[in-house]
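Participant: Could you put together the complete structure from these sequences and hints?
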Amino acid sequence: MTDLRQLTDIDVLDRAGALALLDRADALHGHATARAPALDRLAGRTVVNLFFENSTRTRTSFSLAARRLGAEVIDFNAHTSSTAKGESLVDTWRTLDAMGCHAYVIRHGSDDAVAELAKVAGPEVAIVNAGSGASAHPTQALLDAMTIRHHKGDWSGLRVLIVGDIRHSRVARSNIKLLRLLGVGELRTAAPPSLRAADLSDPDIVHFDALGPALEGCDVVMTLRLQKERMQGANIPDGEHYFRQWGLTPERLALAKPDAIVMHPGPMNRGTEIDGAVADGPQSVILEQVGNGVAIRMAVLETVLGAA
Amino acid sequence: MTDLRQLTDIDVLDRAGALALLDRADALHGHATARAPALDRLAGRTVVNLFFENSTRTRTSFSLAARRLGAEVIDFNAHTSSTAKGESLVDTWRTLDAMGCHAYVIRHGSDDAVAELAKVAGPEVAIVNAGSGASAHPTQALLDAMTIRHHKGDWSGLRVLIVGDIRHSRVARSNIKLLRLLGVGELRTAAPPSLRAADLSDPDIVHFDALGPALEGCDVVMTLRLQKERMQGANIPDGEHYFRQWGLTPERLALAKPDAIVMHPGPMNRGTEIDGAVADGPQSVILEQVGNGVAIRMAVLETVLGAA
Amino acid sequence: MTDLRQLTDIDVLDRAGALALLDRADALHGHATARAPALDRLAGRTVVNLFFENSTRTRTSFSLAARRLGAEVIDFNAHTSSTAKGESLVDTWRTLDAMGCHAYVIRHGSDDAVAELAKVAGPEVAIVNAGSGASAHPTQALLDAMTIRHHKGDWSGLRVLIVGDIRHSRVARSNIKLLRLLGVGELRTAAPPSLRAADLSDPDIVHFDALGPALEGCDVVMTLRLQKERMQGANIPDGEHYFRQWGLTPERLALAKPDAIVMHPGPMNRGTEIDGAVADGPQSVILEQVGNGVAIRMAVLETVLGAA
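Chains as they are written, first to last, in the working numbering: chain A, 1 to 308; chain B, 309 to 616; chain C, 617 to 924.
Treat the hints with care, as some may be off.
Stated by the list, open to error - Away from chain B, derived, C-beta distances all over 12 angstroms, residues of chain A:
no.	residue
1	Gly44
2	Pro192
3	Asn269
Said to hold, decoys possible - If you anchor each label on the Cβ, the simulated ranges turn out as follows:
no.	chain 1	residue 1	chain 2	residue 2	range
4	B	Val398	A	Ala307	30 to 38 angstroms
5	B	Val398	A	Asp11	44 to 52 angstroms
6	B	Glu424	A	His207	40 to 48 angstroms
Unchecked claim - Which stretches of chain C does chain A cover? Using the computed rule of at least three CB atoms under 8 angstroms from a CB of chain A, they are:
no.	stretch
7	672 to 680
8	746 to 754
9	881 to 890
Calculated directly from the structure, the hints in this document are not laboratory data. For every residue, glycine included, the Cβ atom is placed at its ideal position computed from N, Cα and C.
Facilitator: Structural data, given as structure tokens:
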């Protein structure tokens, strides 16, 4: 994997490459969560957070990952920047490159912006997709896989369910790609009709129109955030209504395997897509996901900067 | 004091604990104001500024304090963060904790948010209140006490006046608690009726309805910022009008003791609560307060992180 | 130049001083663009970015310059700060000074704010103008001169053209001052009548009302950004219309000397003031300007902090 320079989506990885990133993140976990000292493998390198959508959480995770490898971090707030003055993403990147920056962590509202920049910038430029449109969020998928692997051994025996707003979810799309690549046994999705994704109706994904049957026999339950601004368009009157049909409650979770783990990419809407008792319960690995996120981002930054 | 982990308000301190923080801040003063080199006592620790109200001034003071002890600083802008997406303060803290952050400096508009988080997070989690609602601003009170002690020796002989918008002032409330704890001789407040605080009408606080008589014989005059947005509600037509009755002018200041010191928590409204000639005059210790603020915050961070 | 503490505009430099900064920036270029390791000449110093206008690009350039000299950087966002609460620039500076900050990089919408602060603060306080109103942007002029000198030797033989919105341009004003100081052979400006600057109609500046004739025989073509918000006031219907008359196209550029260089302070409006083919063409030195900008800002910070 030492030749990976651009993590635009899961597609750029082969199975060995994905597993190598998971292995490396495992090794870095203590440093990522500050139980072990920071490293200096990226000393002298400058990592730019180039965020066109607000996300303090993901930005902070990348910042900590970069700093715990010894890199400098520049937060280039794209809302108040020259991009807001009409400059293209490519010109913004060229400017930062001319200033001696080394890696670009990009979040963008458009599906294709990150991949397009990667093409123009050329294959030697280190680029990490930190979430683009509804299409890709590869580091989220990797941290999810790292978390699953820690709790469940063999991929081929696993039944994984993704629940909620599949339609608008880059988390779902990248997870599905990675879980297939890793060879997961059975992939399930569950969503109300208006939140189902037409592009994810392949025969190898088993789709459910109700949460109860979908949960039966699952090893992993991945709950997606319901974005409030999308509820109206989806004809869902409010969060309470959604919770009654789709909220992950302790009663519903009991339909899954007894040792099933519960995941959520955060930030959670307690009482909308997930019951607080489940979020804080013994099957929840939600906070482990957060710590694994820093470790995965360290592994990815190290790799795209050729320091792995 | 090495067991203090949460400075939610002055109440958590006993007299010895408060004096220990003042002593430690005195010892750190050169490092705080960059006349002496930065220290590395907090190397490897990450301090998060979690500000739900804008305050570049206080945030910068905490940032410098943390960095001059060798800590990393994360600015978690709560306005544009996951909290804005509906996440609770507790969930935001849990996320940052899972990322390996070590101390939380919190400013919040609500009176109770910081104390409530401290309760949920548990007594081992390092939390510093950087200003909450109208109730508490303990590091401001400590830096004020540090400044007073530097100029005036014995607490029991001192007459201290707090002037202005007492009603909405967390600075006044924390100062009153700390000055009582330290055993100040006489505590006075002075405010127009609409800005007087019902909760601070204890018999041991002498209240005045006019500034002149309140100033007589005072050793310390603490002027509060008049927040413009509150002037209308308080039936104060404008800043000029307020200044005529309540502005600290050289003529009025002459009613206090000749060696009285003048304090202000900043930012000042010159010509509203204070005359520029007083703010810049020989009795003003306002800029000393600012330098002492960094020293106090170093002492507090060191202590709550168990590095004192 | 070791006694320069305040770079408020080019006026404060003499010719030797300007050349010393260019020489020093040349020497620092590898460190500025991260091809050589960071330095520690400013270790223990704190540089404040005090920006009253948004400019992520210039702020990032100064941040990288300061950090690559080992300084700490504080971003004091003046939009959300105590200044927004009515505090004066002088009081904000006094506060930061009391916190032990060492140099102030200031961008301000007013022509005079930076110079006025420099006067009040006193000649020992390190202040750098990062752009003030329409009057001054001295580090831009220095990086432009550094770029020109790299490509063209002798100043006296050069013909330099500045094209576009001269009237509102601090870049134009500082460049004209510096190019005169360096003894440039011929200075030309070209602009539509509404964007011509009355204060720059000296006999030694040759003004043109059309781009074609202005370009003839030029060694350097400096294109200015057309600020969209000014197009209406200037009776310019839209960017396309402006481009037809004033856009720097390959055809027009062919009227200049064959080895003429093309400059732009960024961010560019491709298709408005400059053709993408020119911006990316072999005569463009626009990205060199960006790298030189970090080097110039390192040289300036080193100098105003007495570390040169």
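Participant: A separate judgement is required for each hint: does it hold in the structure or not?
Facilitator: Okay, the hints, checked on the actual structure:
no., hint, verdict
1, Gly44, "holds, 18 angstroms"
2, Pro192, "holds, 20 angstroms"
3, Asn269, "violated, 6 angstroms"
4, Val398(B) with Ala307(A): 30 to 38 angstroms, "holds, 37 angstroms"
5, Val398(B) with Asp11(A): 44 to 52 angstroms, "violated, 37 angstroms"
6, Glu424(B) with His207(A): 40 to 48 angstroms, "holds, 42 angstroms"
7, 672 to 680, "holds (count 6)"
8, 746 to 754, "violated (count 0)"
9, 881 to 890, "holds (count 5)"
Comparing the model with each numbered hint stated earlier shows that hints 3, 5, 8 do not hold.
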